[in-house]
Every structure is written in C-alpha cells, then in structure tokens.
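Asker: Could you put the whole structure together from the sequences, leaning on the hints where they help?
There are 2 protein chains.
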Amino acid sequence: MIMKPRRASLQQRRKEAPNLSPLRKAEEIASTFGLEMTIADLERLFSKEAFEDHPLHRRQLMGPSPPSPGLGSSGKPLRVAYQGFRGSYCQEAASKAFSSIHCEAFPCTHMEDAFQALEDGDADRAIVPVENSIDGTIDRNFDLLLRHQRVHIIGELVLPVNHCLLSLHGTSRSDLRRVISHPQALNHCRVRLERFDHRLQIEEVPNAAEAAKYVSESKITDTAVIGSRIAAKEFGLEVLEQNFQDRSENFNRFLQLGLGVQQHQPRETTVTGGEDEDVVSKTTVAFSLEKGASDLFRAMSIFERRGISVTKVDHRPNRSNPVRVVEEKTGEHRYFDYVFILDVEEEGSTGVHEALKALKDISGFVHVLGSYTCRWRID
Amino acid sequence: MIMKPRRASLQQRRKEAPNLSPLRKAEEIASTFGLEMTIADLERLFSKEAFEDHPLHRRQLMGPSPPSPGLGSSGKPLRVAYQGFRGSYCQEAASKAFSSIHCEAFPCTHMEDAFQALEDGDADRAIVPVENSIDGTIDRNFDLLLRHQRVHIIGELVLPVNHCLLSLHGTSRSDLRRVISHPQALNHCRVRLERFDHRLQIEEVPNAAEAAKYVSESKITDTAVIGSRIAAKEFGLEVLEQNFQDRSENFNRFLQLGLGVQQHQPRETTVTGGEDEDVVSKTTVAFSLEKGASDLFRAMSIFERRGISVTKVDHRPNRSNPVRVVEEKTGEHRYFDYVFILDVEEEGSTGVHEALKALKDISGFVHVLGSYTCRWRID
Numbered sequence: 001m002i003m004k005p006r007r008a009s010l011q012q013r014r015k016e017a018p019n020l021s022p023l024r025k026a027e028e029i030a031s032t033f034g035l036e037m038t039i040a041d042l043e044r045l046f047s048k049e050a051f052e053d054h055p056l057h058r059r060q061l062m063g064p065s066p067p068s069p070g071l072g073s074s075g076k077p078l079r080v081a082y083q084g085f086r087g088s089y090c091q092e093a094a095s096k097a098f099s100s101i102h103c104e105a106f107p108c109t110h111m112e113d114a115f116q117a118l119e120d121g122d123a124d125r126a127i128v129p130v131e132n133s134i135d136g137t138i139d140r141n142f143d144l145l146l147r148h149q150r151v152h153i154i155g156e157l158v159l160p161v162n163h164c165l166l167s168l169h170g171t172s173r174s175d176l177r178r179v180i181s182h183p184q185a186l187n188h189c190r191v192r193l194e195r196f197d198h199r200l201q202i203e204e205v206p207n208a209a210e211a212a213k214y215v216s217e218s219k220i221t222d223t224a225v226i227g228s229r230i231a232a233k234e235f236g237l238e239v240l241e242q243n244f245q246d247r248s249e250n251f252n253r254f255l256q257l258g259l260g261v262q263q264h265q266p267r268e269t270t271v272t273g274g275e276d277e278d279v280v281s282k283t284t285v286a287f288s289l290e291k292g293a294s295d296l297f298r299a300m301s302i303f304e305r306r307g308i309s310v311t312k313v314d315h316r317p318n319r320s321n322p323v324r325v326v327e328e329k330t331g332e333h334r335y336f337d338y339v340f341i342l343d344v345e346e347e348g349s350t351g352v353h354e355a356l357k358a359l360k361d362i363s364g365f366v367h368v369l370g371s372y373t374c375r376w377r378i379d
Numbered sequence: 001m002i003m004k005p006r007r008a009s010l011q012q013r014r015k016e017a018p019n020l021s022p023l024r025k026a027e028e029i030a031s032t033f034g035l036e037m038t039i040a041d042l043e044r045l046f047s048k049e050a051f052e053d054h055p056l057h058r059r060q061l062m063g064p065s066p067p068s069p070g071l072g073s074s075g076k077p078l079r080v081a082y083q084g085f086r087g088s089y090c091q092e093a094a095s096k097a098f099s100s101i102h103c104e105a106f107p108c109t110h111m112e113d114a115f116q117a118l119e120d121g122d123a124d125r126a127i128v129p130v131e132n133s134i135d136g137t138i139d140r141n142f143d144l145l146l147r148h149q150r151v152h153i154i155g156e157l158v159l160p161v162n163h164c165l166l167s168l169h170g171t172s173r174s175d176l177r178r179v180i181s182h183p184q185a186l187n188h189c190r191v192r193l194e195r196f197d198h199r200l201q202i203e204e205v206p207n208a209a210e211a212a213k214y215v216s217e218s219k220i221t222d223t224a225v226i227g228s229r230i231a232a233k234e235f236g237l238e239v240l241e242q243n244f245q246d247r248s249e250n251f252n253r254f255l256q257l258g259l260g261v262q263q264h265q266p267r268e269t270t271v272t273g274g275e276d277e278d279v280v281s282k283t284t285v286a287f288s289l290e291k292g293a294s295d296l297f298r299a300m301s302i303f304e305r306r307g308i309s310v311t312k313v314d315h316r317p318n319r320s321n322p323v324r325v326v327e328e329k330t331g332e333h334r335y336f337d338y339v340f341i342l343d344v345e346e347e348g349s350t351g352v353h354e355a356l357k358a359l360k361d362i363s364g365f366v367h368v369l370g371s372y373t374c375r376w377r378i379d
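Protein sequences appear in the order of chains Y and C. The first sequence begins at 1 in UniProt numbering and counts up one residue at a time. The second sequence begins at 1 in UniProt numbering and counts up one residue at a time.
It is worth saying that the hints were derived from the structure and are not from the lab. It is possible that part of the hints are untrue.
Any copy, or any two copies together, can satisfy a pair, since identical chains are not distinguished.
In silico DSBU-like pairs for lysine-lysine, Cα to Cα no more than 30 angstroms straight-line [what the hints assert, rightly or not]:
| hint | residue 1 | residue 2 |
| --- | --- | --- |
| 1 | Lys291 | Lys357 |
| 2 | Lys357 | Lys329 |
| 3 | Lys357 | Lys282 |
| 4 | Lys282 | Lys329 |
| 5 | Lys233 | Lys76 |
| 6 | Lys291 | Lys329 |
| 7 | Lys329 | Lys233 |
| 8 | Lys233 | Lys219 |
Given the structure is predicted, the values throughout are model-derived calculations rather than measurements.
Answerer: This is how it looks when you write it as structure tokens:
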C-alpha cells in the first residue's frame, strides 16, 4: 500500500488555522516532506467486498454509477482516502480493509475532505471513524452523508482499540518523564498510566499521530506517545507497551464509503464471516417526519412489525426546517425538528425493502445512507 | 446580577492547557482582573420556577435535599454557575433565567466545572447549553448527568440566537478588515457576511466572548467579533448589527440544573406561559436495556401506549458494559451497548409515573434525569 500525501489540503489547513500550537505548526510544516512509504504485514479484511462493491461491479445492484478509474487488482490502484493524519487509527483501519489490494491510501485532515475526494473522483473509497464504544458516535458523518447524497456507506469495520506506548528506539522506561496523546486516548489509559509510573507528566495534544511524528523527528528521549501500532511503523518508533488501554471492551467503528446510487435491494445470500469475524447485515436510513418527532415511534413500528430490529436511533437537526410550530389543544408549541437516522438489522429477509416503501408515506423524505455488512475483527 | 469570577478555575485551566494560542493566553491572563459588573436590562424568565424549584421549596415534591445557603429574594444571593466565559450566550441565558432575583452568576470554563460547582455546594443552580437548532445536541451533558446522579434538570429555556456584529465604539463599517468568531457562529452568518462586505477576512477563534474582550482591551479598530449582546455590555463594545445570523429558525436550548433527589411525580396543574412564551412539560429518562438495543422499541412502546409521546431519543455508550455479546441463530454477534435517553411529553396525565415503573421491568437501570418545564422565549 503506497501512502500519498494530500499536500494541497495540508497547506489549506495551515492557511485556515493560523493560531496553531507550536507543536502543531512544526508538525504541519514537517508533514509536507517525504511521505512515500510502504505498509506491510497487515491483515486482509473487507477485501472481497472492496471488489464486489466497486462501482464497476455494483452497477447491476445499485443502478448507474460514474465511470471508475480502475480496480486494485490490475492496472490503476484503488485510491483510498482516510480521515486523519498518517499514523492515525483510521489509517490502520484503511490498511486492514484493503491490505491485499493494490491501493494508494492518503490522509484527509478533515472529514469533509474525505467526502469531497470521493465526489471529485480523487478517491474510489473513503474510510472514516464513526464511533468508539466508550466515547460514542461522531455525528458529523451523518451531516456529511446527508449533504453528499451520492456518497454511501458500503461497509463497516469494527476493530479493537490497541493503544500503544511509543517512544524512540533505545529509550528505557526510566528515561521517561512525560506521556502525551489525544485527550480521548489518555482517558482510555488513565489507570494503566498511573500504575506504569505515577510520576509521569501527562499532556494533552490535539493529535496523537502528529505527536508521534514530532517525537521521532525531534528525537525526544524523555517523552512517550500513546498512539497506534501503525504510527510506530510510520515514524520508526518502538512499541514499549501495547494494549495499554484500561478496558478490553474498547472498539472503534469505521465506515467504508463509496460513490453510487444506493437503493436497498432484497438480499439473496447471507454473508458469513471468517475466523475471528462476526458479520451482520445492516441498513442505515435517514428520513424526516411530516408530523415531526412525535411520529418517530410510528416510523420505527414500520420496521419492527416486519420483524426487523431497529438497533440505533440517531438524529440531526432538520436543516431544511429546524424548528416546527404545532397547534395543540393547549396552544401553539414549537419543537426542534430532526432528521432521524435508523440502523436496522435483518436476517436474510426482504422486509427492509417493503418497510422503506411504507416509511415514505409518513416522511418528508427518505434517503438510504447504505445497505451493507458490518464486520467485527475480534482478535 | 453580580458577576463573580472563578479565579481558581481559570488558573487551573491555564495550568492544564499550556499550549494555548497567544490570543487565548492573553485573554486568560486578562480575565483574572477586575470582573465585578452589574447586568441590567434583562428580561424575567424562569424566575418563578427559580423560587419554586429551589431545594427549600422542593423538599415536599422531591424528597430530602441538602441544606441550602438561602434564596435570592432575601439574605444570601442565589449562586448561579453558567458554562462558558463572561460574555457567552450561556451567561445571557443565565441572566434571562434569573434576572429578577438577587443572584451571583459566575462562569465555569468546562461543562464539568458547572456540575462540580453544584455537587460542592458552590452553586445553587447551573445553566448549561444543550442544543442548537441548526448544529444539534451537546451529548456531553448526558454523560455528566449520568455521572453526577444528584444533579437534575429542573428547567429548560430556549432562546432565539441573536448573533451581533461587535466592534470598538466609533469604528465604522469601512474601517473593518476582519471578522472573527467561533466557527459555529461564523457558519450561521456566512451569507450575511458575504453581503455585508465580501472582502472581509474571516478568522476562526476558539471562543467568541474571549475574542470580544481581546478586541476591546487591545483597542483593535479593524476587527469585528460576532458575539452576544451581553458580550457588548460586558466589554464595552458597540453593536454594529444585530440578528446577523442567516436564518431565523436559529435557537439555543439551555438546561437549568440543580441538586436534589428527583422523582417523577404526577402533575396536578398545567403550567401556562406568559406572553411570548410557549410552555411544555417534559420528563427526561435514562435507562439501559437488559436485552440490549433491539429492545428500544419495546421501551418506547411503554410510553406510547399510555398516550405519552417520545419526542427525542438519544444514546450514550453504556460505560458499565460498552460491548454486548449475543447468541443468535446465525452465531455469536457483538453489539455496542447504550444508555438510552428519552424525552417524553405529557399533557397533565399521570401516565409517565406508571410508565417509568413498567420500564424498570426490562431495564438494567432507570434514572430520571429531570421532570421539568420547557419554556420558549420567542421574541
């Protein structure tokens, strides 16, 4: 897998945010140099889907889609945009998803950039982080999926978090005076850090991957970074400890996105996972309700009475109509109005297709964000 | 209303975040000086509730509560913690909520600090922002309400956003070269800014209130800040334009929090609002489900079949059990598990009380976050 930097995007970011911390500024400047690298030793996952779901193969299932520049198997490589910096957990997810395919993966600083890369034809796939089992959902994905209606969820990958304690090669535990990382990662490792060495100074930084690069390039010997395994490989750091997080139920969920006209179709086959894999068929649908939020239960019952479980209910402001005025017995009331986003799960039934048709009767709009397979990588 | 700074909190913040931008650093240092101010010309709202809901008055309704230092009407003032900086929209909400009461309002930089101020007995009430009609919900409130189980929602206030273009007195439109604000505010005013003067440089800052103070104290003549009306009063700035936002459906929702043992009680009277007010009775309940997310519909039906509308469904990770393993026909599946948070609305019925009892049968835990009145300030 070849890593290709998105220099324009980084330059734009620098221009947009002139008040970066010194660490961030140094990192942003450094990140424009020499980023061509090879990533190896990564596991296959999603790869079968990556081919089957590719626009060229999906036309029959998903209707017309724009011409694709090529597949990863031969000719041009599959171009994969991942949200985050080099060395991020999202790069790790992209690598696991496409490791057996000839592909070019490149970082996109902002979530928006990954969506735009798909829209502009600069990427064939995008990988974005969507949820952590301890910290919750990143709602921004929903806003972007609603705005970029040609972009769809075509797969989901859940990976165990493996927070690693990274330092320069040759640094011993007794050399360390400081541990730095993103606040979320530090929070995941609080107890372990205290036990490791309670005298260590803990410092929050906006980006763990950037910090890892900075420690490596500046040869800082007294500081460890909590970051991904891939950051160690990318920046030549040593993994002092791995699985440094306090809790084992710590998983990250990533979405695989692609361009195409997504229509829910009845499934004919049940996808089964390999060893250490756990596979579920899901559909994510966004809709507004003509009568507002009080009709949510009615919308959910459309699925439930067909034996389809609604397993997640999210909502975002209904930007075309954020506030609704309703006449009631007690007078005129105002409500915040939402676009609801449901995850529904089926077991080989054709019910979802029927349910979506019924949902249209009570909705302002219905938009399927994706009909896809969720894979858990357990080990 | 007397503004009282929380110096310890600011100092702690400075210690915790050494990599602040120069603007922020200057602001943090400046904010430790001379902050005693009087706020006038603010409307009454919540004030009746502020008395009725005060621990001394609520004992009968809400069970035992800790001794209170006094009411705002006489003796010691009511101490109100608001989340944010001086000049923030949350200070404006606190002022509107308690303007007719003798009270001391003080800023808390972090959301957590406002909750802790209640727990420590440093505040009688807290006001926190919880939702914007265009940008969505701040989920962090739920985590804090779940962690601080003695803190409850005792009121809700929705206010129209009034983004003002603020500058030094005497600055004319033609002097301006730059407009700065928080990214959210800039986004709300994008079209209007473009029409106002498309040549203006737009710059994002982490905090609009801090920026307003900086512009005032540093006497910067070429820069306007998009901020609140209260920021103009606090820092002696001129309101060049008001209601500068692109859309009129732009409202902020704030929660009023207090300490007490909250139990849902059947309502005997219907609260009615004054002129320009719109009043709804709500209960917010958090619960986990013994069978996991697939039972959410069942939980909702407990309310719906009693004629109680579920108007909002939120979820946060179930931190006591973030990942659930379920045996199904197709094998072993893993799910992210959640604490669900429902807003339910009743019209003078006693159904909620009954529904909460029934919910316990299918839940790991049920915790009422608050049973309260939502007031919209429409004008």
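Asker: 30 angstroms Cα cut-off: does lysine 357 pair with lysine 282 within a copy, between copies, both or neither?
Answerer: The answer is within: 17 angstroms in one copy meets 30 angstroms, while 33 angstroms across copies does not.
Asker: Go through the copies and call it for lysine 282 and lysine 329: within, between, both or neither, with a Cα cutoff of 30 angstroms.
Answerer: For lysine 282 and lysine 329, only the inter-copy Cα distance (16 angstroms) is at most 30 angstroms; the intra-copy one is 40 angstroms.
Asker: When no copy is named, should lysine 233 and lysine 76 be tagged within, between, both, or neither for a Cα gap of at most 30 angstroms?
Answerer: within (26 angstroms within a copy, 61 angstroms between copies)
Asker: Since the copies are identical, ignore which copy is meant and state whether lysine 291 and lysine 329 lie within 30 angstroms (CA to CA) inside a copy, between copies, both or neither.
Answerer: within (16 angstroms within a copy, 37 angstroms between copies)
Asker: Given a CA cutoff of 30 angstroms, do lysine 233 and lysine 219 count as a within-copy pair, a between-copy pair, both, or neither?
Answerer: within (16 angstroms within a copy, 50 angstroms between copies)
Asker: When no copy is named, should lysine 291 and lysine 357 be tagged within, between, both, or neither for a Cα gap of at most 30 angstroms?
Answerer: both (18 angstroms within a copy, 29 angstroms between copies)
Asker: I want to check one pair: lysine 329 and lysine 233. Are their C-alpha atoms no more than 30 angstroms apart within a copy, between two copies, both, or neither?
Answerer: neither (65 angstroms within a copy, 41 angstroms between copies)
Asker: Is it within, between, both, or neither for lysine 357 and lysine 329, if the alpha carbons may be no more than 30 angstroms apart?
Answerer: Between copies, since 28 angstroms is at most 30 angstroms while 32 angstroms is not.
Taken one by one, the earlier hints fail for this structure only at number 7.
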